[in-house]
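Colleague: Add chain B to chain A, keeping to what the hints say.
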Amino acid sequence: MGASDEDARFSQLGHKLMCVCGCNQVLLECNHVGCPYSDRMRGELMAAMQRGDSDDLVLQSFVQKYGPTVLIAPTHTGFNRVAWIMPYLALGLGLTTVVLVVRAWKMRPLATPEGAVAPVTGAELEHFRQQARKETEI
Amino acid sequence: MAQIGSFALLLALALSAYCFLAGLLALVLPWFHAAWLDKITRWIGIAGFALVLLAGFLFITSAFVFHSNNPYLSVAYQRALLLALALCACSFAIWIIALLRSRQAEASLGETARRAGIATFAVVFLAALVLVISAFTDDFSIAYIFHHSNRDLPIPYKFAVLWSGQEGSLLFWSLLLATYGLVLRLRHKTDARLFAYASVIIAAVQIFFLLLLNLAANPFGIMQGSLPGDGNGLNPLLQYPEMVIHPPMLYLGYVGFTIPFAFALGALIMKYPGEKWIHITRRWTMVTWGFLTCGIFLGAHWAYSVLGWGGYWGWDPVENASLMPWLTGTAFLHSVMMQEKRGMLKTWNMWLIFATFGLSIFGTFLTRSGVVSSVHAFAQSSIGTWFVVFLIIILVVCLVFYILNRSALRSEHRLESLVSRESSFLFNNLLLLVACFTVLWGTLFPVLSEWVQGNKVTVGPPFFNRVNIPVALLLLLLTAVGPLLAWRKTSLESLKRNFLWPALGALAAGILLVALGFRPWKDISYLYSLMTIMLSVLVALTVISEFVRGGRVIAQKTGQGLLASMVHLTHRNTRRYGGYIVHFGVIVIMIGLAGAAFNQDKEKEMGFGDKMTIGPYTLVCQSYTQEDKPNYGSEWAIINVFKGGKPVTTLYPERRFYKASQQTSTMPSIHSTMREDLYLVYEGQNNDTGRPIIKAHLNPLVMWIWVGVWIMIVGTIVALIPNAVPVRVMAAARVQVAPVGAGD
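Protein chains in written order, with our numbering: chain A, 525 to 662; chain B, 738 to 1481.
Some clues are possibly wrong.
What the hints assert, rightly or not - Below, computed lysine-lysine pairings styled on DSS-like, alpha-carbon distance capped at 27 Å:
| hint | chain 1 | residue 1 | chain 2 | residue 2 |
| --- | --- | --- | --- | --- |
| 1 | B | K1348 | B | K1380 |
| 2 | B | K1013 | A | K540 |
| 3 | A | K540 | B | K1339 |
| 4 | B | K1380 | B | K1339 |
| 5 | A | K589 | B | K1193 |
| 6 | B | K1396 | B | K1366 |
| 7 | B | K1380 | B | K1341 |
| 8 | B | K1013 | B | K1193 |
| 9 | B | K1259 | B | K1339 |
| 10 | B | K1013 | B | K926 |
| 11 | A | K540 | B | K1259 |
| 12 | B | K1341 | B | K1383 |
| 13 | A | K540 | B | K1193 |
| 14 | B | K1008 | B | K926 |
| 15 | A | K540 | A | K589 |
In case anyone wonders, no lab produced these hints; they're calculated from the structure.
The model shown is predicted, which means the values in this text are computed figures rather than measured ones.
Chain A on its own, in the form it takes in the complex (with noise of 0.2 Å):
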């Protein structure tokens, strides 16, 4: 493996990684000057990287001894999955909604709100629409 490679598997493993200093920065992002972890953190990543770990041992690691919070973004195993798979399931569940409703508009009839005087219909109220877009339509 040459050196370019392990700085990009450095850079790509230091990104899915978050600093536990408090700051909630990625790791190879936080910045702190003095932090008490981020230094002794990517030493331990490089160190993990000399010594031959896959990349999921790697992070085994970490979540071992910081925690799972020091990944940055949920796992997906067991309820971790929910966090990524609700974002579908609201589109999947709003595209279905929009798709009845539409339906739902094609088969009720139009009602008129309470208090409201009857609205324009039929021919004055498309001669009211041909006077509108005449108006307003360039």
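Modeller: For chain B alone, kept in the frame of chain A given last:
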């Protein structure tokens, strides 16, 4: 000079007190003239007036007798807040009575309450003014001033003290709400009854904040024990020029959503026929949305210029809290057009603005309750419960009135075709809400995880980017297609005719980028970047084609030049073409964001004459030194920048140590061009060699983001300008003729 300053402060205080007393006199005078009022309410009015006189007397005497560093003055300020709370409660209660009483009583009581609302502004303003004055006079007897200011704090940041801590920012929130309320109450003749309802709701919200200020987060708490000689100082990260304008902009956005919320709820309560409440609140909503947009991007710019990690958006909970109401507010701005033009989506719009207001309050709860950890959060405090209760009250009130009056929200038209402007708005709303849900879900998931699994997890940028980037791309596509669709129904032939050339242009841009070395297949981020740029070109071409097509028609009719015709066109329908300019700003920002896929960084210890190369730039360390200033000490390096062997600029990355707060802060030095930013950070010194460690970031296209924001601001301002030739069409309910924009 000190005497002049003191006199000016006292004069300002006296003037404010006069304003305060005169406003309250106006509040109580009608009580004496109204013969129909029963004795109890009259005595309440008299007692209120006496209270006001007493408070005013207390203010003036305390200010004259004790200049600073005295607890009595602080007590007087607390009384001002209590008085504001009492007036606001009066305003709310009297207005409720007014709405229930006879028409004659309603008019008199309503006017009284309106004046009480205006007086509330004067008193809250006075309280805020006093806090700022206390910061300027280094009155460390007030605990808030001690914790957030110090003697050597530069003058602009003394203003920022008002919103730099929990209590002050809540007072500032209250002040802005009172200001919005003042404007609303001064314009009450537009529609007296609807404004009366809106005013009651605003007074209710104001009561919540004043209760908080008086009972849970009082900014005028007094220091215990001997008075300290100097304060703790302002957080170093906040000592940056944008700090003076970023929070006010953001708060103007958050607080401003109270106005459309109040009108929407008022319209629902009174089963207001027609869409007039939307016409009335349209400008309020756009102004509010504009402020929130400015606030968010000023925050991004501030993070970029101060935090020193080379980025502008970190998906921090506080950033997310500001983005959520912006997303729903954007959805509202689009979907109200369906209600105005077609009488559709009435329930949806109502709930969208309820949600937007609720999210503004929810965001405040998130960041102030300590529920989620954030670099911005105002630490753990007890006020979270207050916000939870307030949110529940909001939800219950909205739900009850919706259930009671939902019959007034039935749609007047139906969707006639999926290929129509209406459907594009529906999908636009869906995508914006999915983005909002994702942000909310990601922000709250650590709390949920702790509750379910017993341990917190981090939800960082990869999660938000993975879900929101595809959503943003779909939104860009809709931004391109939407304006080409007609209301009700669009023929495929017309769509093809309008869409063909922009689509070919976007395709050509993609091919050109690949030919220039773009390799989208190498990394998903490159692919997203390419798609963003292609879709941005598509949107730009459709926007330009809309301007050119309209401009040509006017040019043919009037004989003007094309450019003059396009200006004329914009002036005839400012909302529509202002909106297009905003869309143009959005794509410029999106191109800027796309550049992040190609960010590079390097770090090196640099002694005298040492070199570092990043991208096309060569950096040479000319010197490094230290400096001592009253507020802070600093270490900085002088880095000469060369490109192609020629000198480009000199940068001065710096690290500061603030004496009062004993905290360090980085001050990155940035060389910005439209192509890229060279961003240097002084990371620190090597303890062994004493040489500085410099981190260099090369961030492509960042300048596009800031340019895009300016374009969005211009577009928003254009959309706020009244049309040159008002276009009038008959509203659905024929009782009124309402001016509407067309073709939006």
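Colleague: Now tell me if each hint is right for this structure.
Modeller: Status of each hint after checking the structure:
Restraint check for B:K1348 and B:K1380: satisfied, since their Cα atoms lie roughly 13 Å apart, inside the 27 Å limit. At most 27 Å may separate the alpha-carbon atoms for a hinted pair to count; B:K1013 and A:K540 exceed this at roughly 51 Å. Only pairs whose Cα atoms come within 27 Å are accepted, and A:K540 paired with B:K1339 is accepted, the gap being roughly 19 Å. The straight-line distance between the Cα atoms of B:K1380 and B:K1339 is roughly 17 Å, inside the 27 Å bound, and the hint therefore holds.
Among the hinted pairs, A:K589 with B:K1193 is consistent with the structure: their alpha-carbon atoms are about 15 Å apart, no more than 27 Å. For the suggested pair B:K1396 and B:K1366, the alpha carbons sit about 10 Å apart, so the restraint of at most 27 Å is met. Note on B:K1380 and B:K1341: the hinted pairing holds, with a Cα-Cα distance of about 19 Å set against a maximum of 27 Å. The suggested pairing of B:K1013 with B:K1193 is violated, with an alpha-carbon distance near 48 Å, which exceeds 27 Å.
Taken as a hint, the B:K1259 and B:K1339 pair is honoured in the structure, with Cα atoms around 22 Å apart against an allowance of 27 Å. Distance hint between B:K1013 and B:K926 is fulfilled; the C-alpha atoms sit about 14 Å from each other, no more than 27 Å. Taken as a hint, the A:K540 and B:K1259 pair is honoured in the structure, with Cα atoms around 19 Å apart against an allowance of 27 Å. A C-alpha spacing of about 22 Å is found between B:K1341 and B:K1383, which places the hinted pair at or below 27 Å, so the restraint holds.
For the given pair, A:K540 sits about 16 Å from B:K1193 by alpha-carbon distance, which is consistent with the 27 Å threshold. Distance check on the hinted pair: B:K1008 and B:K926 sit about 19 Å apart at the alpha-carbon level, within 27 Å; holds. Annotation: proposed proximity of A:K540 to A:K589 holds, straight-line Cα distance about 15 Å (limit 27 Å).
Of the hints listed earlier, those the structure fails to meet are numbers 2 and 8, in rising order.
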